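Residue numbering for the sequence shown follows the numbering used here, starting at 23 and increasing by one per position.
Just so you know, these hints were derived from the structure itself, not from any lab. All values reported here derive from a predicted model rather than from experimental measurement. Hints should not be assumed to be uniformly reliable.
With a straight-line Cα cutoff of 25 Å, these simulated BS3-like cross-link-like pairs (lysine-lysine) come out [to be verified]: (1) K98 to K173; (2) K173 to K59; (3) K95 to K69; (4) K59 to K98; (5) K81 to K59; (6) K118 to K98; (7) K59 to K95; (8) K69 to K81; (9) K75 to K59; (10) K75 to K173; (11) K95 to K118; (12) K75 to K169; (13) K173 to K93; (14) K69 to K169; (15) K95 to K173; (16) K173 to K69; (17) K169 to K81; (18) K118 to K93; (19) K118 to K169.
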Amino acid sequence: MKIAARGFYFYIEIAMAVILLTILLFVVSETSTSNSKQFIYNDMPQKIAEYLKDRSIEKGEARLANSTEFKLKPAKFEITNQETGETTAYDFDDEKIIELETIEMLDSSTGELEEIVYYVETEEDMIRLAYGESEMGATVAMDAHGKVSYKYYLQGYETDRLESLLYILHSESPDVISAKKDKQVVRTLEVMETLNNRENLV
23 MKIAARGFYF
33 YIEIAMAVIL
43 LTILLFVVSE
53 TSTSNSKQFI
63 YNDMPQKIAE
73 YLKDRSIEKG
83 EARLANSTEF
93 KLKPAKFEIT
103 NQETGETTAY
113 DFDDEKIIEL
123 ETIEMLDSST
133 GELEEIVYYV
143 ETEEDMIRLA
153 YGESEMGATV
163 AMDAHGKVSY
173 KYYLQGYETD
183 RLESLLYILH
193 SESPDVISAK
203 KDKQVVRTLE
213 VMETLNNREN
223 LV
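Use the sequences and the hints to build the structure in full.
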């Protein structure tokens, strides 16, 4: 029995369409999920760090998740300070598994997941994790006057816009930024409807 070439390719196209439709309906979620991670080392008294986390949870900005295990592998790399130009070399030849407290950061208005934050016990492990996982790391410190400062460990491929945003976010207190945001007048010219993940793929 012979099958015409045109008919054969027609059935292939039908099969591919069915496979793609199945993937869109059962594999791809309509809503986007955030895979953004951040490793944080708190250089401050434990009670203050716990208070700040509890306040974020009470305000609906975060929720406590199950602790997460990470495997630290041997690594050798260098980090350059953008302000001073000084380069620091790191060389780790050991391998270990650590368990980290995990917090899910939420959009306060929608409750959707925005970012996953892992709290690391030592700054050295935080730097090592940021390098190994190719994610952002940060040291959050508090001085004797209660002023909080941030030192970020970036991968080097971040845009200038992101770096500027991080600077703005931490140049003033969160309450001041939130107040300015609330006062800002936004005029909507027309109603916009964003496409979900499935529609974007189509």
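Looking back at the numbered hints, which does the structure fail to meet, lowest number first?
-> 3, 19
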